[in-house]
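**Q** What follows is the residue order along each chain.
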Amino acid sequence: MESSISIRDLSLSFGAVKVLRNLNIEIGQGEFLVLLGSSGCGKSTLLNCIAGLLDVTDGQIFIQGKNVTWAEPSDRGIGMVFQSYALYPQMTVEGNLSFGLKNAGMAKDEIKKRVARAAEILQIEPLLKRKPAALSGGQRQRVAIGRALVRDVDVFLFDEPLSNLDAKLRADLRVEIKRLHQRLKNTMIYVTHDQVEALTLADRIAIMKGGNIQQLASPNEIYNKPANKYVADFIGSPSMNFLEGVIDISGAPQFNSDVMSFDISGYEFVDGPTGGPAWFGIRPEHIVTGELLANAPVQFDAEVELVEPMGSDTLVWAKVEGVPMHFRMDGQAEVRSGDQMRIGFDPARANIFNKETELRI
Amino acid sequence: MSSERPNGLFRNIPAKVAAIPMIITALVVFMGGSLWTMAYSLTKSKLLPKWKFVGLDQYERLWSTKRWVVSIENLFIYGVCMLIASFVIGFILAALMDQKIRFENTFRTIILYPFALSFIVTGLVWQWILNPEFGIQSIIRGLGFTSFEFDPLYNADIAIYGILIAGLWQGTGLIMVLMLAGLRGIDQEIWKAAKVDGIPTWKTYLFIVIPMMRPVFITTLVLVAASIVKVYDLIVAQTGGGPGISTEMPAKYVYDYMFGGQNLGQGFAASTMMLLAVLVVVIPWAYLEFGGKKRG
Numbered sequence: 001m002e003s004s005i006s007i008r009d010l011s012l013s014f015g016a017v018k019v020l021r022n023l024n025i026e027i028g029q030g031e032f033l034v035l036l037g038s039s040g041c042g043k044s045t046l047l048n049c050i051a052g053l054l055d056v057t058d059g060q061i062f063i064q065g066k067n068v069t070w071a072e073p074s075d076r077g078i079g080m081v082f083q084s085y086a087l088y089p090q091m092t093v094e095g096n097l098s099f100g101l102k103n104a105g106m107a108k109d110e111i112k113k114r115v116a117r118a119a120e121i122l123q124i125e126p127l128l129k130r131k132p133a134a135l136s137g138g139q140r141q142r143v144a145i146g147r148a149l150v151r152d153v154d155v156f157l158f159d160e161p162l163s164n165l166d167a168k169l170r171a172d173l174r175v176e177i178k179r180l181h182q183r184l185k186n187t188m189i190y191v192t193h194d195q196v197e198a199l200t201l202a203d204r205i206a207i208m209k210g211g212n213i214q215q216l217a218s219p220n221e222i223y224n225k226p227a228n229k230y231v232a233d234f235i236g237s238p239s240m241n242f243l244e245g246v247i248d249i250s251g252a253p254q255f256n257s258d259v260m261s262f263d264i265s266g267y268e269f270v271d272g273p274t275g276g277p278a279w280f281g282i283r284p285e286h287i288v289t290g291e292l293l294a295n296a297p298v299q300f301d302a303e304v305e306l307v308e309p310m311g312s313d314t315l316v317w318a319k320v321e322g323v324p325m326h327f328r329m330d331g332q333a334e335v336r337s338g339d340q341m342r343i344g345f346d347p348a349r350a351n352i353f354n355k356e357t358e359l360r361i
Numbered sequence: 001m002s003s004e005r006p007n008g009l010f011r012n013i014p015a016k017v018a019a020i021p022m023i024i025t026a027l028v029v030f031m032g033g034s035l036w037t038m039a040y041s042l043t044k045s046k047l048l049p050k051w052k053f054v055g056l057d058q059y060e061r062l063w064s065t066k067r068w069v070v071s072i073e074n075l076f077i078y079g080v081c082m083l084i085a086s087f088v089i090g091f092i093l094a095a096l097m098d099q100k101i102r103f104e105n106t107f108r109t110i111i112l113y114p115f116a117l118s119f120i121v122t123g124l125v126w127q128w129i130l131n132p133e134f135g136i137q138s139i140i141r142g143l144g145f146t147s148f149e150f151d152p153l154y155n156a157d158i159a160i161y162g163i164l165i166a167g168l169w170q171g172t173g174l175i176m177v178l179m180l181a182g183l184r185g186i187d188q189e190i191w192k193a194a195k196v197d198g199i200p201t202w203k204t205y206l207f208i209v210i211p212m213m214r215p216v217f218i219t220t221l222v223l224v225a226a227s228i229v230k231v232y233d234l235i236v237a238q239t240g241g242g243p244g245i246s247t248e249m250p251a252k253y254v255y256d257y258m259f260g261g262q263n264l265g266q267g268f269a270a271s272t273m274m275l276l277a278v279l280v281v282v283i284p285w286a287y288l289e290f291g292g293k294k295r296g
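Residue numbers (the numbering used here), protein chains in the order written: chain A, 1 to 361; chain B, 1 to 296.
Hints listed in this document are in silico derivations from the structure and should not be mistaken for laboratory results. Where a beta carbon is used, it is the ideal one built from N, C-alpha and C, also for glycine. Possibly wrong hints are sitting among the right ones.
Unchecked claim - Cβ pair distances, simulated, as ranges:
hint, chain 1, residue 1, chain 2, residue 2, range
1, B, Leu96, A, Glu308, 50 to 60 Å
2, B, Ala116, A, Glu358, 52 to 62 Å
3, B, Gly185, A, Pro309, 44 to 54 Å
4, A, Asn220, B, Lys100, 51 to 61 Å
5, A, Pro126, B, Tyr287, 26 to 36 Å
Unchecked claim - From the derived model, a few chain B residues whose C-beta atoms are all more than 12 Å from chain A:
hint, residue
6, Trp63
7, Cys81
8, Val209
9, Met212
Claimed, not checked - Beyond 10 Å from chain A on every Cβ pair, some chain B residues (computed):
hint, residue
10, Phe53
11, Asp98
12, Phe119
13, Leu174
14, Ile199
15, Phe207
16, Ile208
17, Pro211
Make the full structure from the sequences, and use the hints.
**A** Structure, rendered in structure tokens:
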């Protein structure tokens, strides 16, 4: 399959500050790629480079097989949606949708057709005669998406489009963007710092840090097999439990820390069993209690310190041999701080990283 | 807690007390003064205000005085040119300043500096610059262009434009700063969106950015319009109203008649006409801006 967007050796520096370092990404036709990272990681910068709003320092960008590294944003075949909506406040919704097309000298009935189609897809027909000031945040963002839609382009770029909305609306519009992608089957690149958005929307996620891509993989792989400790820590809420220790492979692989040691023979090493100093990571939802302990080869006694009931589940902060650990329990669980309980996990679901390189082993 | 709703008059007492001096000032000085002036413009007061009613005689005399008519014409020319030119130049300077240039602070200071000078200094400086004996004309002639002529202040037909140059030089900096503040208030993502839409820069300014800057434009308009109507010291310093009466202005007419010509009635009539002129502009505008619909 020919790739829709191809980014080759892309670098960007502002003076001595390197914002993007030698990025290489191939994005397939109709793929939904999410750029995820904390603020300042370069994800929005990368999106602006793809859109042509920033000049790159080095490297090339291809969209639909065409080298657009130095093309104007409007000639790249992209539509873009911004966090602040960036609607033109003096124009009606209809004016906002059609201004770019009118400016490109498109025939009137073609503009009308496209505006009508976009309005139908986004269900904003009743709003066409209104001005942006008379719309709610969700409606404004729909109009902003519409403005990208009428351009009839192959690639959509979203720059944190839901960050200005409240939690409920964000969830609604997230579903709508996913539906839109399924219907239009365009290539979409979506920048966010919200991992839930990333995991739910993406075909693939690129996790960025310091201008580098830490891991580019499907949500499933990112969640279950993070490539390094940063990704493991970044994805998942609450974050992963980490234990510091040494792996001993003289016999059956074993993890030894100062206070505990257990057998990890169920763990799938990347390149066969590897010894040495390491981080052992286990997700809160992979620690089990009660009847499920039957399937947990490694078990400990824990003392509950703090309980956070969240409705659907309960988050328990506990100490095992003085080491803090947190884990998820059923929402109906009756736990109080000070309780003693037995917890356990299956090392097969764990993630182990080299202490030095922080890479998965 | 009292069960009765408190009387609205006695709520927020400190705020109401604090507002009283300004309310009194507005009523007595502004309203009272204006009404008093209007009333006495119907008398034949000379050195001192005297209640000797003569009807509209003062106004008849006013409008048959050549100097007043010329003053009004000058105000019109100066006002229209000043408004248009200072807005255009000020906005263009601000737009240029907004291109992420180097030494922006330095340029901004240089352009705003004239505003810090009084009109008297500005008038004097430009009187010298435009003086044919030792100003621009003599410099250019000194370079060898002996037939070069540039002496607007000595030609009655164009002297008012010599004043305009000085007024623009002084006033444009402030407009640029206000416009620049307005431009900085525009969300950068609007620019990005316009770029992705393929809208040329000048069209983005004209159809998107300038409409968004409407409040800044209105503030600027009020400031500029006020400075135009009250222009007085610039004339006094630069030309003294000459050559002849070619650069007279209404404010100068009022001052000269009230305090120079000892003809209060005539001065009152002229200042009432000025007030009327301002109201003719302001009332329809205020009606359009605030009347009819509620703001929201």
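**Q** Let me make sure I understand: some of the numbered hints might not hold for this structure. Which ones are they, in numerical order?
**A** The structure conflicts with hints 4, 8, 9, 14, 15, 16 and 17, although it agrees with all the remaining ones.
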